[in-house]
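J.: One-letter residues, chain by chain:
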Amino acid sequence: MDYSVDVLVVGAGGAGLTAALNAKESGADVLLITKEYPTRSQTCMAQGGINAALGNAGEDSIEAHIANTLKSAHGEADEEAVRFMCSEAPNAVAWLDSIGVCFSRTKDAKIAQRTLGGASAARACYAQDYTGLKILHTLYDRCLSQGIEIQNERVLLELLQDENSCVCGAKILNLRSGEVEIYHAKAIILASGGYSRIYDKNSTNSTASTGDGIAIASRAGAKLVDMEFVQFHPTALKNSSILIGESARGEGGYLLNSKGERFTNELAPRDVVSRAINEEINRGEDIFIDIRHLGEQFIDENLPQERKLAKLYEGVDPVTEIVPIKPVAHYTMGGIEVDHHSQTSLEGLYACGECANHRVHGGNRLGGNALLEIIVFGKEAGLNAAIYAKESQEIKLQTPNDTLVSEILSYENALDFYEAREKIGDMFYKDVGIVRTKEQLESSLEKIESIKANLHKYGVSDRSKKYNSNLVEFLEFRNTLDVCLEVLKGALAREVSCGAHYMSGE
Amino acid sequence: MKIIVKKSDEFIEYEIPLEGATLLEALTYVKTKLDNTLAFSSGCRSSVCGSCSMRVNEREVLACSYKVQDGDRVEPLKNVKVIRDLVVDMDKAYSFNAKASAWLNASSPSVALNDEDEKINELQSDCILCGSCYSACPVYAVNPDFLGPFALTRVWKYVGDRREDGAQEKVTNIQTSGVWDCTLCNECTLVCPQNISSKADIEKLRMKSAQYGFMDPSFASFGGGFGSFDGSPSF
Chain R
1 MDYSVDVLVV
11 GAGGAGLTAA
21 LNAKESGADV
31 LLITKEYPTR
41 SQTCMAQGGI
51 NAALGNAGED
61 SIEAHIANTL
71 KSAHGEADEE
81 AVRFMCSEAP
91 NAVAWLDSIG
101 VCFSRTKDAK
111 IAQRTLGGAS
121 AARACYAQDY
131 TGLKILHTLY
141 DRCLSQGIEI
151 QNERVLLELL
161 QDENSCVCGA
171 KILNLRSGEV
181 EIYHAKAIIL
191 ASGGYSRIYD
201 KNSTNSTAST
211 GDGIAIASRA
221 GAKLVDMEFV
231 QFHPTALKNS
241 SILIGESARG
251 EGGYLLNSKG
261 ERFTNELAPR
271 DVVSRAINEE
281 INRGEDIFID
291 IRHLGEQFID
301 ENLPQERKLA
311 KLYEGVDPVT
321 EIVPIKPVAH
331 YTMGGIEVDH
341 HSQTSLEGLY
351 ACGECANHRV
361 HGGNRLGGNA
371 LLEIIVFGKE
381 AGLNAAIYAK
391 ESQEIKLQTP
401 NDTLVSEILS
411 YENALDFYEA
421 REKIGDMFYK
431 DVGIVRTKEQ
441 LESSLEKIES
451 IKANLHKYGV
461 SDRSKKYNSN
471 LVEFLEFRNT
481 LDVCLEVLKG
491 ALAREVSCGA
501 HYMSGE
Chain U
1 MKIIVKKSDE
11 FIEYEIPLEG
21 ATLLEALTYV
31 KTKLDNTLAF
41 SSGCRSSVCG
51 SCSMRVNERE
61 VLACSYKVQD
71 GDRVEPLKNV
81 KVIRDLVVDM
91 DKAYSFNAKA
101 SAWLNASSPS
111 VALNDEDEKI
121 NELQSDCILC
131 GSCYSACPVY
141 AVNPDFLGPF
151 ALTRVWKYVG
161 DRREDGAQEK
171 VTNIQTSGVW
181 DCTLCNECTL
191 VCPQNISSKA
201 DIEKLRMKSA
211 QYGFMDPSFA
221 SFGGGFGSFD
231 GSPSF
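Chains R and U, in that order, are what the protein sequence lines are. Letter by letter, the first sequence follows residues 1 to 506 of this note's numbering. Letter by letter, the second sequence follows residues 1 to 235 of this note's numbering.
Bound conformation, chain R alone (with noise of 0.2 Å):
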């Protein structure tokens, strides 16, 4: 089946979802894919806060949160980009409570806020520990409420391209029917996520956060930067990586070594706190997270879902005991390259979010900041891709044939995957991880480059056309091999230690 639409969003977290109703708001036909359900986004697994200096909660200002922002990116930021999302920030916080997201609230009937680290201020708006969840819930109601089409479960193949490069369709695989579709679109928005599963089970994301459309894009032509920018987030419960959010070192949770000691500012930026809990776990220390001087009745109130995952998973109570935690890959700064419209360097395609690198994390992102530029972007994204669409005519192209598919059908699987998913997962953990040397990057190169060198030998052993998940998780497999190459090469490049690209031995 083909379908034909003005703007086709890939992806339905919060990003995509705020991409689609601005588009549509804006005229344009919009029809929404994601290789899930959008409520399964990784969106929902945000806990702390969206920042916006509204000062409810003591002084704050729009200028201090540009500041405290471009600080924390290292000079890796672009100036305009930070200075338009802080200044965008309360009217995205007053349209989100707009629609319906259910804030947390002081007694005097503001939205509630609180300090993540970096900020001078109490900045993140939350919704207790679920702040993620219930923006991404509401975005997906408000979706409803505007008649906009979603289609579940469909994944992104490949970009479709005119003669002169202009990106003006998609290949689709239809999970569920196994069949290929082609989506004619006038414009494509990307709002596909990160990376961070390139470290495998060392992540606190979803494991859908395999950085399709990064890679799918960068096939292309589509500019790429800053990719080797990955930031790993201090507090993953130790077992599971498991994340325990930022909320509770914001609300004064310490990070305690194996002697009880603290060692460090628990509210200095994530590169920070990561770096120095390292150093004390490569000399030998266990490190916890202690919030038992809150008590059960603020922690009931303000850190539920930590409670719940630290029992769950960890098998603590952080009421009484201390939870043992350890950094992880949590967030990626790099991404596709957007100029101030939200467009790539195709034309045609736009991108938002995760996927996108609009350069207002740099080398280091504040926690609360991602949040933010999803609201912000994805509204930038929708509105110029309406436009673009508005402008352009249709191209029709010749249905392709497809043959990825079959070429992977084809492949020998005599090596497993799976397997090396989980090797190159701790290699680059251990050897492309907070702190890096040219040493360990080099023969990690050659490592991913053998791999994708012989790609071939791998392969799935379903065949089936229904719903074979076996095939979509090669497909991810072969998209991170890609991601893994740009973030090497990305790291290779810089040699001069920035944010959270760290070299040993400065």
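Quick caveat, the hints were computed from the structure, so don't treat them as lab data. Quick caveat, the model's predicted, so the values are computed rather than measured. Virtual Cβ for every residue (Gly too), placed ideally from N, Cα, C. Check before you lean on any hint, since a few could be wrong.
Unchecked claim - Covered stretches of chain U, as calculated for chain R (at least 3 residues, CB under 8 Å):
id, stretch
1, 29-40
2, 46-54
3, 76-83
4, 97-103
5, 111-119
6, 152-164
Given the coordinates of chain R, assemble chain U onto it according to the supplied hints.
T.: Just chain U now, kept in the frame of chain R:
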């Protein structure tokens, strides 16, 4: 340990060398090491995305938050089309959210919520749409048009929100195959991984319905019968 998993139309036994693992870890072990062709859905691993709902020993669980036991029998959710193995098609259950207009109609800009208002629908807004409640619902099992637990909880979330200015319209919209069809059996509450009680939310919606002049149709027909008996309206 052994787990028994429904695959296609049969139950397959898998030997898992894991201790203290979640069911999701066990299934991932099967998928990556024993049988690449087993199909199941998963996402966040931390019980917030709602992807991995399924049934173990005939009880709805999230695979990522259930500690697997020797001999567990794992099946897909009930009352829903199975796409393959443990993967079900959630589109129909999700469509009830749209049918029930589960969104904020228009907000009154003058309404500023305080910390008391926050509590009114805090729990309901924790819903992850995992669909366990539809699987456990005996009414939905026999009436495929029943709006069902999570959609009605979502309606309550918005009707209970002081910002909503179209509450009456929303309540009107859920009178048919909605609030009165529920038998208040509480099965949805027992299986909800987020401790939400759709049953309690449906009871609140019934009270709202009564405020707007609606009544239980089974009671109404009973009353109507009485009314015609002595020729005067019963209410």
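J.: Please go over all the hints and tell whether each is borne out by the structure.
T.: Each hint tested on the structure:
no.	hint	verdict
1	29-40	holds (count 7)
2	46-54	holds (count 6)
3	76-83	violated (count 1)
4	97-103	holds (count 5)
5	111-119	holds (count 6)
6	152-164	holds (count 6)
Hint 3 from the earlier list is the only one contradicted by this structure; the remaining hints agree with it.
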